[in-house]
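Going line by line, the protein sequences match chains A and B.
Mapping of the first sequence onto numbering that gives the first Met the number 0: position 70 corresponds to residue 69, and the numbering continues sequentially without gaps.
Mapping of the second sequence onto numbering that gives the first Met the number 0: position 291 corresponds to residue 290, and the numbering continues sequentially without gaps.
Everything labelled a hint here was simulated from the structure, so no lab data went into it.
Even for Gly, the Cβ is constructed at its ideal location relative to N, Cα and C.
Among the hints, a few may not be true.
If you want the footprint, here are the derived chain A segments under chain B, 3+ residues with CB under 8 Å [stated by the list, open to error]:
#1 56-67
#2 104-112
#3 168-174
#4 398-405
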Amino acid sequence: MRSDESIAAIATAPGRGGVGVVRVSGSLVPAMMEKILGKRIAPRNASLCDFLDATGGAIDRGIALYFKNPHSYTGEDVLELQGHGGQVVLGMILARCIELGARIAEPGEFTRRAFLNDRIDLAQAESVADLIDASTASAARCAMRSLQGEFSEKVRDLVSALINLRMLVEATLDFPEEEIDFLAEGDAVGKLGSIRDKVNAVLRSAQTGSLIRSGIHVVFAGQPNVGKSSLLNRLSGEEHAIVTDIPGTTRDVIRQSIEIEGIPFHIIDTAGLRESEDPVEKIGIARTREVIERSDMILYLADCSRGLDEEDGKILASLPGLPRLIVYNKADLSGKPAGIEMDGSVRLSAKSGEGIDSLKSRMLELFSLHEPAETQFVARQRHVSALRDADAFLEKAGKATQAEVFAEELRLAQDSLSRITGEFTPDDLLGEIFSNFCIGK
Amino acid sequence: MEYHGLLDSTIPRAMHPVKFDVIVVGGGHAGTEAALASARMGRKTLLLTHNIETLGQMSCNPAIGGIGKGHLVKEIDALGGAMAIAADESGIQFRVLNSSKGYAVRATRAQADRMLYRQAIRRRLESQENLWLFQQAVDDLILEGEKVAGVVTQLGIKFSSETVVLTAGTFLSGMVHVGLKHYQAGRAGDPPSLSLASRLREIDLPVGRLKTGTPPRIHGASIDFSVLAMQPGDEPVPVFSFMGNAQMHPRQVPCWITHTNERTHEIIRAGLDRSPMFTGVIEGVGPRYCPSIEDKVTRFADKKSHQIFLEPEGLDTNEFYPNGISTSLPYDVQLALIHSMKGLENAHLTRPGYAIEYDYFDPQYLKKSLETKKIQNLFFAGQINGTTGYEEAAAQGILAGINAALRSAGREAWSPGREEAYIGVMVDDLVTRGVTEPYRMFTSRAEYRLLLREDNADARLTEEGRRLGVVGEERWARYCEKREAIERETERLKSTWVNPKMISAADSERILGKAIEREYSLFELLRRPDVEYRALLELDPAGMAADSEIAKQIEIQAKYHGYIERQEAEIESRRQYESLPLPADFDYRKIRGLSAETQQILNRHKPETIGDASRLSGITPAAVSLLLVHQKRGFDKEKLTA
Numbered sequence: 000m001r002s003d004e005s006i007a008a009i010a011t012a013p014g015r016g017g018v019g020v021v022r023v024s025g026s027l028v029p030a031m032m033e034k035i036l037g038k039r040i041a042p043r044n045a046s047l048c049d050f051l052d053a054t055g056g057a058i059d060r061g062i063a064l065y066f067k068n069p070h071s072y073t074g075e076d077v078l079e080l081q082g083h084g085g086q087v088v089l090g091m092i093l094a095r096c097i098e099l100g101a102r103i104a105e106p107g108e109f110t111r112r113a114f115l116n117d118r119i120d121l122a123q124a125e126s127v128a129d130l131i132d133a134s135t136a137s138a139a140r141c142a143m144r145s146l147q148g149e150f151s152e153k154v155r156d157l158v159s160a161l162i163n164l165r166m167l168v169e170a171t172l173d174f175p176e177e178e179i180d181f182l183a184e185g186d187a188v189g190k191l192g193s194i195r196d197k198v199n200a201v202l203r204s205a206q207t208g209s210l211i212r213s214g215i216h217v218v219f220a221g222q223p224n225v226g227k228s229s230l231l232n233r234l235s236g237e238e239h240a241i242v243t244d245i246p247g248t249t250r251d252v253i254r255q256s257i258e259i260e261g262i263p264f265h266i267i268d269t270a271g272l273r274e275s276e277d278p279v280e281k282i283g284i285a286r287t288r289e290v291i292e293r294s295d296m297i298l299y300l301a302d303c304s305r306g307l308d309e310e311d312g313k314i315l316a317s318l319p320g321l322p323r324l325i326v327y328n329k330a331d332l333s334g335k336p337a338g339i340e341m342d343g344s345v346r347l348s349a350k351s352g353e354g355i356d357s358l359k360s361r362m363l364e365l366f367s368l369h370e371p372a373e374t375q376f377v378a379r380q381r382h383v384s385a386l387r388d389a390d391a392f393l394e395k396a397g398k399a400t401q402a403e404v405f406a407e408e409l410r411l412a413q414d415s416l417s418r419i420t421g422e423f424t425p426d427d428l429l430g431e432i433f434s435n436f437c438i439g440k
Numbered sequence: 000m001e002y003h004g005l006l007d008s009t010i011p012r013a014m015h016p017v018k019f020d021v022i023v024v025g026g027g028h029a030g031t032e033a034a035l036a037s038a039r040m041g042r043k044t045l046l047l048t049h050n051i052e053t054l055g056q057m058s059c060n061p062a063i064g065g066i067g068k069g070h071l072v073k074e075i076d077a078l079g080g081a082m083a084i085a086a087d088e089s090g091i092q093f094r095v096l097n098s099s100k101g102y103a104v105r106a107t108r109a110q111a112d113r114m115l116y117r118q119a120i121r122r123r124l125e126s127q128e129n130l131w132l133f134q135q136a137v138d139d140l141i142l143e144g145e146k147v148a149g150v151v152t153q154l155g156i157k158f159s160s161e162t163v164v165l166t167a168g169t170f171l172s173g174m175v176h177v178g179l180k181h182y183q184a185g186r187a188g189d190p191p192s193l194s195l196a197s198r199l200r201e202i203d204l205p206v207g208r209l210k211t212g213t214p215p216r217i218h219g220a221s222i223d224f225s226v227l228a229m230q231p232g233d234e235p236v237p238v239f240s241f242m243g244n245a246q247m248h249p250r251q252v253p254c255w256i257t258h259t260n261e262r263t264h265e266i267i268r269a270g271l272d273r274s275p276m277f278t279g280v281i282e283g284v285g286p287r288y289c290p291s292i293e294d295k296v297t298r299f300a301d302k303k304s305h306q307i308f309l310e311p312e313g314l315d316t317n318e319f320y321p322n323g324i325s326t327s328l329p330y331d332v333q334l335a336l337i338h339s340m341k342g343l344e345n346a347h348l349t350r351p352g353y354a355i356e357y358d359y360f361d362p363q364y365l366k367k368s369l370e371t372k373k374i375q376n377l378f379f380a381g382q383i384n385g386t387t388g389y390e391e392a393a394a395q396g397i398l399a400g401i402n403a404a405l406r407s408a409g410r411e412a413w414s415p416g417r418e419e420a421y422i423g424v425m426v427d428d429l430v431t432r433g434v435t436e437p438y439r440m441f442t443s444r445a446e447y448r449l450l451l452r453e454d455n456a457d458a459r460l461t462e463e464g465r466r467l468g469v470v471g472e473e474r475w476a477r478y479c480e481k482r483e484a485i486e487r488e489t490e491r492l493k494s495t496w497v498n499p500k501m502i503s504a505a506d507s508e509r510i511l512g513k514a515i516e517r518e519y520s521l522f523e524l525l526r527r528p529d530v531e532y533r534a535l536l537e538l539d540p541a542g543m544a545a546d547s548e549i550a551k552q553i554e555i556q557a558k559y560h561g562y563i564e565r566q567e568a569e570i571e572s573r574r575q576y577e578s579l580p581l582p583a584d585f586d587y588r589k590i591r592g593l594s595a596e597t598q599q600i601l602n603r604h605k606p607e608t609i610g611d612a613s614r615l616s617g618i619t620p621a622a623v624s625l626l627l628v629h630q631k632r633g634f635d636k637e638k639l640t641a
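Only chain A is shown next, with the shape it has when bound in the complex (with noise of 0.2 Å):
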């Protein structure tokens, strides 16, 4: 929140191709642009640069912007960086503008940002609360699913072992006369240097994303034989059906991996959704519905020559309300032109291929319009920003000299690892303390 920060984020929305933007704000800009561009370039010009590493090597060549304060779109010092829109890259950019000392933007900053610098008038600031929403609800759904699986796990232990450590620490601070002296009988040092290790381990797996998915969720539904795994096919067929292990998931969720333009979509059969008594099934069932719950858009297949009839709304009316697109299925057949219609929804042949190419750029547009800057990426990297804090109090927190100023490294470690985990209050901690001590006179 503070505005004294600089902020930093991919300004395109992923997977459209061509050219994508990395936005920094605030002000720092002036320092970071020579050591990303190698020189300091004049604003308001646009000036092709090699875009550069921390050892000076290119990370792609594109296009830099200046906007000096106060004439920015924040109000702030401002860089552009137009690089080649891959996922990949713009995230290599992104990292190194972390690296030199910025922070991920959180949803809606830079307009917050402008808003408040009187960057925008008042009707362009009347849109900033849906921004800020529409944002804030994708990137709570992206941290919620990369928290799944292994990568959870493993943070939640490392968590649980940093809150057992700050409970013998603080009762030893805040009950002296307790017979418990944590720290005179101390292994704080041999405590904090296991949690150390856990922290730097799963940084590295974070670092990797070995843990972390990436992709989008999408629900594939619609009635028996309008044709759906048609569709799949001809999609996975064009575009080599990636297999992936999906921690958190299981197959039998995960139908099939398609990539568009970069962007894995994970499609998410709703077949299974039947009713059960088989106990194995029902808890196959559950599951379902928890990745349905967050999944990130909804495809629903209907017959072209049928419309939308009464079975097609009951169906739709019991998935969650996430963005639709509704695809018509079997154009040749009906003899009508595949493509997009005037509601956005998208009229195709699975059979013939006709119209998906249609489908794929509506997928991507729909998905873009949800997903504005936040996406598994960023999520990614917040958590390794998160974890890195973390650690560096850590390390301080090993050189203390005192009880309290250890206290104070630790709190501030677990205060950075709650914006991975959520809030932990200081009436959390002492209810670990009594539940764990019999304290009190």
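Starting from the known structure of chain A, fit chain B onto it as the hints suggest.
Structure of chain B alone, referenced to chain A:
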């Protein structure tokens, strides 16, 4: 606040005025601090108590201070309050807890002579200008619409006032439990407040029930001290008040330590079927950190022994307070469990232990000035806000007293921030988070713990206290003198340099731990963890006595320097939006970007500032962003919130 001679009836010996500025109901730790603060500010103040003899009564253990609590006492003192100096005048054993740890977590604790403490408080009340005492229980509040205008006593006497501070402690619908027997009382030996309690329930303030307890008392003549461990006070004897000194202390006596054992625990377990706690008779929630002995034995069954402190109740009494065995078990079980402990085999109990249930009001319905949001000019302080402890009560009392006085004078409300005082931490916790059990202060509640120390309470609050009008001439003069001395000496240390040419490597290594390789100021050297002020005197004999308050304060500041700077930077960055005001009567459902849940939270709490809103549980950074945007636009512009 300005008065010119006797005509203004500012001397309590004169007849009381027709209308008071502030009426304080209740004469416990909250009420007495509230009344004294308001009167110090020159407001005509009435203190109503059901019994003048029990003004300043310590209902539970005879001690002031401790970790977190001592911090509060020093803050009350920095604002000119009575608690610290009364402890200095009545303390019979003083200790500094955590003295082996850093200054931020050190805390003073005094065992007090109950009677001397009451006298010290009463003497201050009786000699305070602008303060009238009157003995009558209060039965009703006089309301004018949504505003309080006075009180009605048990005899139907009406007192009118601008403001009322209610500090009813555990008296509201108080219910005492001993075993399965129970009766209505404010505490043992005092009647409960029933009419007032039901009146407050009628006003529809959100009320709940809490529980607390106290141990039986023991006659000292029946304790075998020869087999007990003695716990003497510290030497040199600590002092509580900025204005106090060790010569004020009465004779010092030790405390004693015994332990529960497995037989004690068996006796307790055998009595649980007659425990009001374990049979569900008591519904109120008790504090987790101050559990009854039956609670401890049940919840921590593997712990074979608990430490019990035997604390003297005073110099002129032989009663002892066994700290650590608060209980509401039946009397026969109490007797047996006491007798099972070493040194207490033949103990005579002078009073049974008991639990008490009482009404409290959800503090989330208070402003930070401790004024109720519902009834204007009505302030709540102490246990009725869901806290426990004399210090917590007194701290709220002084704050409520100050704010009632400010209101009656048409001045703006005041409340310290979380970065300024433990009082600020407590009030912020109470009004933004509410309570689920009696709230007690701990240092771990303060995120700026390294800034909020006992040793700098004066520097944090005395200037503000002076501006408010609660700090008198003498304290102010002494404070200014200390502040200037610290500034002078700090400047001198910063501008006195030593270099390797002036001092031999051997000396430098001996004095500083390692030889200096370049020029340093004395202040820089003092920042090293292992260099004490005392050592600097060897390099520079012009310094002051190393044990002076000034030298100590400079040394502490130097040692925490880096951390203090970091915390101050954090505070500064928050300040940008921390105090931006939010409207009291705005319907947050009008902000369409907020989720329904967020709207509900904001509508329920009606936070006073953006900072307050940000600390409510369930408020996300994005919601704070939205509030910032709306705050800037202005909440009243209908068009913007369509």
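Right, here's what the structure says about each hint:
no.: 1; hint: 56-67; in the structure: violated (count 0)
no.: 2; hint: 104-112; in the structure: holds (count 5)
no.: 3; hint: 168-174; in the structure: holds (count 4)
no.: 4; hint: 398-405; in the structure: holds (count 5)
Figure legend: structure checked against the earlier numbered hints; the only hint not met is number 1.
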